[in-house]
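Residue numbers (this note's numbering), protein chains in the order written: chain R, 108 to 549; chain F, 108 to 549.
Quick caveat, the hints were computed from the structure, so don't treat them as lab data. One or more of the hints may lead you astray.
The list treats identical chains as one, so a pair stands whether inside a single copy or across any two.
[What the hints assert, rightly or not] Derived DSBU-like pairs: lysine-lysine, alpha-carbon spacing no greater than 30 Å straight-line: (1) Lys472 x Lys547; (2) Lys254 x Lys547; (3) Lys254 x Lys472; (4) Lys431 x Lys513; (5) Lys251 x Lys209; (6) Lys209 x Lys435; (7) Lys189 x Lys472; (8) Lys431 x Lys472; (9) Lys435 x Lys367; (10) Lys431 x Lys189; (11) Lys547 x Lys513; (12) Lys367 x Lys547.
On a predicted model such as this, the values are computed, not experimentally measured, just so you know.
The chain contents come next:
Number of protein chains: 2
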Amino acid sequence: MTGGKRLPFGSRRGFLAAAGGLAGALGTGVDLRGAQAKSADQAAAPAAAPVTEPFWGDHQSGILTPAQSHVCFAAFDLVAGKADDVAALLRRWTEAAARMTKGETAAPLGTDLSVAAVDSGDALDLGAARLTLTFGFGPGLFIKDGKDRYGLTAQRPAALADLPAFTGDQLVAAHTGGDLCVQACADDPQVAFHAVRQLARLAYGAAELRWLQSGFSAEPTHGETPRNLLGFKDGTQNPITAPPKGHGGGSTRPMLAPEKVLWAGEEAPVWMRGGSYLVVRRIRLSLEHWDRTETDFQEQVFGRHKKSGAPLGGHDEFEPLDLKATDKDGNFVIPENAHARMGAPASNEGAQILRRSYSYNDGLKFLAERWPPWRQGMLYDAGLLFLAYQRDPRTGFIKIYDMMSKIDALNQYATHIGSGLFACPRGAMEGEFIGQALFKMG
Amino acid sequence: MTGGKRLPFGSRRGFLAAAGGLAGALGTGVDLRGAQAKSADQAAAPAAAPVTEPFWGDHQSGILTPAQSHVCFAAFDLVAGKADDVAALLRRWTEAAARMTKGETAAPLGTDLSVAAVDSGDALDLGAARLTLTFGFGPGLFIKDGKDRYGLTAQRPAALADLPAFTGDQLVAAHTGGDLCVQACADDPQVAFHAVRQLARLAYGAAELRWLQSGFSAEPTHGETPRNLLGFKDGTQNPITAPPKGHGGGSTRPMLAPEKVLWAGEEAPVWMRGGSYLVVRRIRLSLEHWDRTETDFQEQVFGRHKKSGAPLGGHDEFEPLDLKATDKDGNFVIPENAHARMGAPASNEGAQILRRSYSYNDGLKFLAERWPPWRQGMLYDAGLLFLAYQRDPRTGFIKIYDMMSKIDALNQYATHIGSGLFACPRGAMEGEFIGQALFKMG
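The following block holds chain R by itself, in its conformation from the complex (with noise of 0.2 Å):
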């Protein structure tokens, strides 16, 4: 086997979730700091990473960017009365955005703060920490309620297409939705937070905050694999987005094509090329019921051994799965619902999507479980917060989780709780602002 469990610095970066990208669907994003080495009892001094990503350029950054260590996910509704509201929203958001990338505070400060508030300040001297800001359009900026608010109907991406319903959703509002977006990553959770804050108080009068997430990634401390909340390690099949740096091209996992599968093109409107559709799902696992379950279950849950992440029957990690492979009893060694097999290319046509997950923890909420002891009480409201950028929805995430919604044996152990899909449009030239060829059409 090429690939080894201890991925050279850089090869990590930008996991894509191969056909089947969901596999797992579970996963925690990669972050750049988990590949770097640390012995056993002290924290090896890191390669230097950069503190700052790029702002402006053909595509939206926090995307290929690779994952920082935190999230905050926002979703606003758009109350703006009519488009120009709504383009001078974006203007601000993007003035500001490209600023707080930087390490900036929203807007110039005047003499030692004094002055009425331009930044709220709680990320002063905490640098960039690796901030993007990541815009979305939801449908409601095209049409709400059979309304064409702002005139901007004509333009919806038919890529854009409601999600329908699928098994198992028990989708709530304050989770659900949203006509504009804002994924901010970094590796401070303060300054995700603080620049979602500024952005939010930009848009007083023209768009409200209707939910909030914040997650974090695990950092393995060798650049394994990260693992998700229920123990398994997440992104083993996953293509990468760049070869190997000083690895002599071993490996031999599948490269991401960003023009075929991530990036919007000719079929899209021209404001929207070189944009990507966001699917978000907010998915509450039972980790009450799973650290319940044996881990031999669990395996046959996921068609991987827990500790090493070889599929069933195997030993390495980056094994190719065997399908076909039955047991003497004439079962197949990975079952027909295993999570891995579901996500796997030979089950999905092909689908591929990128995948930049977040696992989250809110505490507990009164929940009821749905298994024995079918106890009421408080749960753990923790799970993952899907993140998945892909060309065209209908031959991404919906293709790959229609089937998965209804057979995955991990649906047991997963709720869809929230939902969300959005159109990020292409990146912004310095000058201009985030989604301005669609208001100059519009």
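Fit chain F to the supplied structure of chain R, relying on the hints for placement.
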């Protein structure tokens, strides 16, 4: 002025909130990593920092331990029928904690994890991340609903008095109380949450999770005093627990005398001597209201300048507060109800507590604003998880917060939603379990 804005490495360990230890009551924890310099564009190699903290010892770790960047705090209700079951739980917890704080699984794993789960596995590969686990006993261990469930009522310390109902308290059961608590602090949020999950699983049949709160602290790039979510520096007035290294002893800030203000002594039951009392408050901050407030007014509320952290009228963060200074009209320069005045030593007869607080961000909730525009809708459920240790809460937190709860100008923006008081017993020596002396005497 001595001290200066850039403290030498190590000098900010274990800040103590001075007389009026709540100044500011809204502080985030201090992260060791935050004291390591980073250049503007590159994260410089940090000084080698230990990734494990000791577990065994005279005092529990997680009290004087330099604050980690994340916390997961959990409170439990006891359902055990008899004292032996509680003691057995504490032994299980102690054994698991000793392992996990070394970066090990909660119990030894079977081959390739393919036996019944003894650990959920989500912290494999993550190392210890400086995990500390600090255990506390709530009043309910000693008496609940008038019942002496475990024959321990006689051992209840006088200092474990029920907290009074403070002015403005808006406590809800879902964030209040608990018979037992665990404070898990680590430099990786997944490590902290993992530890709580294992302890919760080990408690099946003996104790159930009651509430859980995760939090984070900011990590300033050049070792500045961290800012809270209100954007003010927090911890400026705190005495230090160790002399600054390589600094020639130039700091004039008061030192902590742990034996005097932190550790319970002869006045306490034997099992509690060397322990400390933990007050927890979940304090929601009205960030929308704060973000609409002019900086001038914010500075009047705090009694300090926002950017520099200097007392009003001053220039240096570490200038002493002049509580007698008046302006040309005879008004106090630092207003009578300013937060900094409330927290000043002169205002609290020298009361001291050791503060170890974190910010939290739990997204949005449907809430009503208390102030114009009196909007009801989705508002931030974010603020401060206030954690403070002391030798006696009656002369510590209660003493300080009684006046503060009535007149602190900051109360306009802060609502105490949750609360807890716990007796954290002395540390355990290898082979003992936490609280063992209590059960041998009970």
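Quiz prompt | Within, between, both or neither: Lys431, Lys472 at alpha-carbon 30 Å | solution = Classified as neither; 42 Å inside a copy, 48 Å across copies.
Quiz item: Is it within, between, both or neither when you check Lys251 against Lys209 at 30 Å Cα-Cα?
Solution: neither (35 Å within a copy, 54 Å between copies)
Quiz item: Which holds for Lys431 with Lys513 at a C-alpha limit of 30 Å: within a copy, between copies, both or neither?
Solution: within (21 Å within a copy, 71 Å between copies)
Self-check item: Alpha-carbon proximity between Lys189 and Lys472, which holds within one copy, between copies, both or neither at 30 Å
Solution: Cα proximity of Lys189 and Lys472: across copies only (28 Å, versus 39 Å in one copy).
Quiz item: Given a CA cutoff of 30 Å, do Lys254 and Lys472 count as a within-copy pair, a between-copy pair, both, or neither?
Solution: between (37 Å within a copy, 28 Å between copies)
Quiz prompt | Lys254 and Lys547: within-copy, between-copy, both or neither at 30 Å Cα | solution = Classified as within: same-chain Cα gap 20 Å, cross-chain 72 Å, threshold 30 Å.
Practice problem: Classify it for me, Lys367 with Lys547: is the Cα-Cα distance of at most 30 Å met within a copy, between copies, both or neither? | Solution: Result: close within a single copy only, 27 Å intra versus 69 Å inter.
Quiz item: Between copies, within a copy, both or neither: which fits Lys209 and Lys435 at Cα up to 30 Å?
Solution: neither (60 Å within a copy, 42 Å between copies)
Quiz prompt | 30 Å Cα threshold - placement of Lys547 relative to Lys472 | solution = neither (46 Å within a copy, 36 Å between copies)
Quiz item: Given a CA cutoff of 30 Å, do Lys435 and Lys367 count as a within-copy pair, a between-copy pair, both, or neither?
Solution: Neither way: Lys435 and Lys367 sit 42 Å apart in one copy and 71 Å across, limit 30 Å.
Quiz item: Given identical chains, is Lys547 near Lys513, meaning Cα to Cα at most 30 Å, within a copy, between copies, both, or neither?
Solution: Neither, since 43 Å and 55 Å both go past 30 Å.
Quiz item: What label fits Lys431 with Lys189 when the C-alpha limit is 30 Å: within, between, both, or neither?
Solution: neither (57 Å within a copy, 54 Å between copies)
In terms of the numbered hints stated before, the structure departs from hints 1, 5, 6, 8, 9, 10 and 11, listed from lowest to highest.
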